[in-house]
Amino acid sequence: MIVLDGIGKRFGGKESLSGVSLQVAPGEILAVMGPSGSGKTTLLRIVAGFESPDEGSVSIDGVEATSPEKSLPPHSRKISMIFQDLALWPHMTASEQLRFVLKKRMKSGQEIEVEIAALLGSVNLHDYARRYPHQLSGGERQRLAMARALAAKPAYLLMDEPLSSLDPIVKDELEKMILDIQSVARMGIIYVTHNSDEVHALADRVAILDRGRLVRDERKDVLLTDPGCELARRLLRV
Amino acid sequence: MKPPRFLYCIATALFVLVVLTPILYMLLSLLNTDGVGGALNHISLFDRRQIGLAGNSLGTALGATAGCLLIGPPLAYFLLRTNLWGKNVLKVLCLVPMLIPPYVHAIVWNDVSRTLGDWLPLDVHSVWGVIFVLTLAYFPFVMLMALSGLESIDRNMEEASLLHHGEWATLRRVTLPLATPHILSGAVFVFIFAITDFSVPDILRVRVYPVEIFVQFSAFYNEAGAMMLSLPLMAITFLLVLVQRRILKDRSYVNMYGGRSNASHHRLGRWNVCVFMLALVVVGLSVATPIWDLMERAGALSNYIRVLKTSYSQILYSLFVSSIGAAATLFLGLLLAIVIERSRSEKVKSIFLYAAIAPLAVPATTLGIGMIRVWNRPATDFVFESTWVTVFGYVARFLPFAVMAIASNLKQISPRIEEAAALATPHWLRVLWRIVLPLLSPGLTVGFFVVLILSFGEIGTTLLVIPPGRETIPIKIYNLMHYGANSMVAALSLMLIVIILALAGLFSAVYGRLSERVSGR
Ligand SMILES: Nc1ncnc2c1ncn2[C@@H]1O[C@H](COP(=O)(O)OP(=O)(O)O)[C@@H](O)[C@H]1O
Ligand SMILES: [Mg+2]
Chain A
1 MIVLDGIGKR FGGKESLSGV SLQVAPGEIL AVMGPSGSGK TTLLRIVAGF ESPDEGSVSI
61 DGVEATSPEK SLPPHSRKIS MIFQDLALWP HMTASEQLRF VLKKRMKSGQ EIEVEIAALL
121 GSVNLHDYAR RYPHQLSGGE RQRLAMARAL AAKPAYLLMD EPLSSLDPIV KDELEKMILD
181 IQSVARMGII YVTHNSDEVH ALADRVAILD RGRLVRDERK DVLLTDPGCE LARRLLRV
Chain B
1 MKPPRFLYCI ATALFVLVVL TPILYMLLSL LNTDGVGGAL NHISLFDRRQ IGLAGNSLGT
61 ALGATAGCLL IGPPLAYFLL RTNLWGKNVL KVLCLVPMLI PPYVHAIVWN DVSRTLGDWL
121 PLDVHSVWGV IFVLTLAYFP FVMLMALSGL ESIDRNMEEA SLLHHGEWAT LRRVTLPLAT
181 PHILSGAVFV FIFAITDFSV PDILRVRVYP VEIFVQFSAF YNEAGAMMLS LPLMAITFLL
241 VLVQRRILKD RSYVNMYGGR SNASHHRLGR WNVCVFMLAL VVVGLSVATP IWDLMERAGA
301 LSNYIRVLKT SYSQILYSLF VSSIGAAATL FLGLLLAIVI ERSRSEKVKS IFLYAAIAPL
361 AVPATTLGIG MIRVWNRPAT DFVFESTWVT VFGYVARFLP FAVMAIASNL KQISPRIEEA
421 AALATPHWLR VLWRIVLPLL SPGLTVGFFV VLILSFGEIG TTLLVIPPGR ETIPIKIYNL
481 MHYGANSMVA ALSLMLIVII LALAGLFSAV YGRLSERVSG R
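Chains as they are written, first to last, in our numbering: chain A, 1 to 238; chain B, 1 to 521.
These aren't lab readings, by the way, just hints derived from the structure by calculation. Warning: the hint list may mix true and false statements.
What the hints assert, rightly or not - Going by beta-carbon spacing under 8 Å, a handful of chain B positions derived as facing chain A:
{"#": "1", "residue": "80"}
{"#": "2", "residue": "82"}
{"#": "3", "residue": "86"}
{"#": "4", "residue": "151"}
{"#": "5", "residue": "152"}
{"#": "6", "residue": "154"}
{"#": "7", "residue": "156"}
{"#": "8", "residue": "157"}
{"#": "9", "residue": "160"}
{"#": "10", "residue": "162"}
{"#": "11", "residue": "163"}
{"#": "12", "residue": "173"}
{"#": "13", "residue": "174"}
{"#": "14", "residue": "177"}
Claimed, not checked - Each pair of labels, with its calculated beta carbon distance range:
{"#": "15", "chain 1": "B", "residue 1": "274", "chain 2": "A", "residue 2": "11", "range": "24 to 34 Å"}
{"#": "16", "chain 1": "A", "residue 1": "108", "chain 2": "B", "residue 2": "2", "range": "52 to 62 Å"}
{"#": "17", "chain 1": "B", "residue 1": "74", "chain 2": "A", "residue 2": "73", "range": "49 to 59 Å"}
{"#": "18", "chain 1": "A", "residue 1": "197", "chain 2": "B", "residue 2": "419", "range": "30 to 40 Å"}
{"#": "19", "chain 1": "A", "residue 1": "13", "chain 2": "B", "residue 2": "86", "range": "21 to 31 Å"}
{"#": "20", "chain 1": "B", "residue 1": "247", "chain 2": "A", "residue 2": "13", "range": "51 to 61 Å"}
{"#": "21", "chain 1": "B", "residue 1": "2", "chain 2": "A", "residue 2": "172", "range": "36 to 46 Å"}
{"#": "22", "chain 1": "B", "residue 1": "121", "chain 2": "A", "residue 2": "108", "range": "41 to 51 Å"}
{"#": "23", "chain 1": "B", "residue 1": "247", "chain 2": "A", "residue 2": "12", "range": "50 to 60 Å"}
{"#": "24", "chain 1": "B", "residue 1": "247", "chain 2": "A", "residue 2": "108", "range": "47 to 57 Å"}
Every residue gets a Cβ at the ideal spot worked out from N, C-alpha and C, and that includes glycine.
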């Protein structure tokens with residue numbers, strides 16, 4: 001379980017997040033929605049350990065990960081992240097990217113190669129092992145980023161608007177793929193988006209941020225029948 | 001918007017007149033059979049003497065490059081990505097050595113070795129001494145290139161690795177490979193600077209090509225010989241310039257608008273002390289030693305006043321002529337950069353590009369000889385005996401820097417912006433004036449000050465072409481040095497450094513304001 005307790009973050013005096021408390025259980029997909037600039041990316045970066053909050057704390061599976069005093073480095077948090085711009089490494093081929101991540105938890109070279117093939121297979125990129133990111137299409141890059149994030153076998157996965165730049169057909173495919181993977185991996189996922197279709201397709205629960213404040217945090221079906229505020233109604237298109 | 005034809009004409013005419021003629025003249029003089037025969041009487045490229053010369057030249061250049069690679073990139077990383085103590089102050093201090101002209105470093109270490117004698121564990125009058133001095137003078141350059149490389153890396157790429165690995169693994173597998181093109185290109189520059197440098201080996205009495213070229217010309221009047229000696233040097237250097245273009249293909253030299261703020265810093269922990277001490281040693285050798293030694297030698301305040309009294313006209317003249325030189329270089333650089341970045345034809349682009357950076361490959365002394373040959377004739381005495389010859393020298397030597405600074409800025413301005421303006425007015429010059437130049441102001445500022453500072457310290461070419469009665473400060477320092485006027489040399493060198501630092505300070509103020517305005521922040 002990821003537990004955020006009273007998270008506050010300021011950039012140069014301007015409040016980006018304030019008093020945000022949230023929980024994500026293993027196996028659950030929490031969609032975080034909000035207009036742009038509402039602090040969604042900042043929230044993910046705090047969970048991953050790239051920013052430290054000015055107030056509040058983060059704990060992951062009972063371990064204190066972030067508080068204003070101390071901070072667990074990102075690589076010891078059992079977390080993976082898919083960045084908004086993917087951040088694929090331009091100087092590595094698809095298989096090299098996976099190999100670099102896999103080295104963290106596997107020693108034997110043969111084992112790693114087998115796992116690379118399996119991961120590429122799970123995102124339908126078997127034939128693309130030797131391609132560099134710039135030789136892939138948008139959807140293929142997205143899938144490679146997915147495979148790279150899964151390679152670490154994370155307990156939790158953070159996704160920052162992962163499908164926002166894709167066409168509707170590729171988007172449908174990828175939503176299916178995420179659900180397939182989730183049915184096996186059972187990770188806790190924080191899924192940032194402002195697209196209501198993705199929320200309908202994927203989310204178990206929905207949290208809504210408005211200018212750094214958490215205004216709603218409900219099960220999806222509850223929120224769909226009773227949005228409770230104008231912002232939620234407009235974001236979810238109900 | 002396609003540049004109009006008159007632009008190509010002006011750019012070509014000026015370039016040919018100022019830059020190309022002296023170089024071509026020298027090359028063509030070799031085709032003259034008499035020239036080759038005469039040269040071969042004195043010099044054969046392959047006898048033992050020549051091999052020693054080649055060894056010294058390559059050795060010093062490779063050594064200095066290695067030295068700069070050893071110091072520059074690590075410093076850049078520690079200054080930008082870690083929580084190193086006092087890093088903001090250190091960053092400024094580490095740029096200073098680059099602003100002290102290399103021959104001043106050489107003068108200082110020459111002096112230190114005389115004072116310390118055997119206590120100094122290095123013979124400065126050797127290839128190693130030249131390597132040492134050139135490293136101190138040029139490591140900030142590689143550091144700057146590494147900094148701009150690091151700043152151009154999308155932080156998310158490093159963070160994507162930090163999710164799974166620690167900081168050192170991330171540095172090795174992601175950060176370093178992504179910054180490598182910038183670092184390598186900095187290294188190529190240092191190699192070129194080092195192998196074409198005349199002043200440092202001349203002062204430390206180590207025989208390398210540029211020194212030998214100077215000697216052949218000024219002591220033996222063996223012009224063809226001097227030209228023969230320049231050939232291998234120009235060949236190596238031009239090859240490297242090509243290599244460097246490939247490395248940096250489509251990457252800008254200076255990251256004009258900086259990276260985004262660095263959220264997380266690599267915490268050094270107990271390494272902080274060690275790194276800090278090492279940085280202090282570097283600053284001590286490259287900044288504190290020169291300043292301290294020069295002050296020590298310059299002596300009482302009255303000496304400075306005496307120097308100021310006897311040299312203020314040269315100081316003013318130096319400032320004047322380098323400003324004219326920088327402005328002229330900037331003008332020609334702008335024309336060339338526009339052609340290089342905005343021409344429709346790839347062929348035209350590359351012809352102009354390679355022409356514009358070719359002067360990098362020409363040793364300063366070779367250029368000086370070429371200029372003497374071209375301009376020293378009755379019909380053109382009005383150039384040769386005036387300020388113009390010095391200005392032309394500056395343009396010919398430093399044009400590549402202006403072109404690179406402006407072109408890399410222009411590359412970042414989307415041609416769509418110009419096209420949008422072209423919908424509003426049919427006049428190309430109007431678009432240039434109202435849209436392109438304001439957006440280019442950071443690049444123009446970089447170009448102007450780089451050329452100004454380099455010109456202000458220039459010695460290799462001016463030593464040959466400067467007309468009598470029009471001494472610049474570096475020439476005066478050089479002359480005083482040969483008369484053994486030690487305290488005056490020191491005082492004047494200090495003044496040179498102070499003026500250059502003031503110019504650099506002015507630059508950073510202007511540049512900061514301009515880039516803030518242009519980037520809309
Ligand atoms: N590194 C930073 N420096 C300064 N301000 C920042 C930084 N990161 C985010 N912000 C500010 O915090 C607010 C929230 O940003 P962000 O989390 O990126 O929003 P979202 O992802 O919801 O669009 C914005 O106003 C943004 O300008
Ligand atoms: Mg965002």
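Hint check:
no.: 1; hint: 80; verdict: violated, 17 Å
no.: 2; hint: 82; verdict: violated, 14 Å
no.: 3; hint: 86; verdict: violated, 23 Å
no.: 4; hint: 151; verdict: violated, 16 Å
no.: 5; hint: 152; verdict: violated, 12 Å
no.: 6; hint: 154; verdict: holds, 6 Å
no.: 7; hint: 156; verdict: holds, 4 Å
no.: 8; hint: 157; verdict: holds, 5 Å
no.: 9; hint: 160; verdict: holds, 4 Å
no.: 10; hint: 162; verdict: holds, 5 Å
no.: 11; hint: 163; verdict: holds, 5 Å
no.: 12; hint: 173; verdict: holds, 6 Å
no.: 13; hint: 174; verdict: holds, 6 Å
no.: 14; hint: 177; verdict: holds, 5 Å
no.: 15; hint: B:274 - A:11: 24 to 34 Å; verdict: holds, 33 Å
no.: 16; hint: A:108 - B:2: 52 to 62 Å; verdict: holds, 60 Å
no.: 17; hint: B:74 - A:73: 49 to 59 Å; verdict: violated, 22 Å
no.: 18; hint: A:197 - B:419: 30 to 40 Å; verdict: holds, 36 Å
no.: 19; hint: A:13 - B:86: 21 to 31 Å; verdict: holds, 26 Å
no.: 20; hint: B:247 - A:13: 51 to 61 Å; verdict: violated, 42 Å
no.: 21; hint: B:2 - A:172: 36 to 46 Å; verdict: holds, 44 Å
no.: 22; hint: B:121 - A:108: 41 to 51 Å; verdict: holds, 49 Å
no.: 23; hint: B:247 - A:12: 50 to 60 Å; verdict: violated, 37 Å
no.: 24; hint: B:247 - A:108: 47 to 57 Å; verdict: violated, 37 Å
Checked against the numbered hints above, the structure breaks hints 1, 2, 3, 4, 5, 17, 20, 23, 24 and satisfies the rest.
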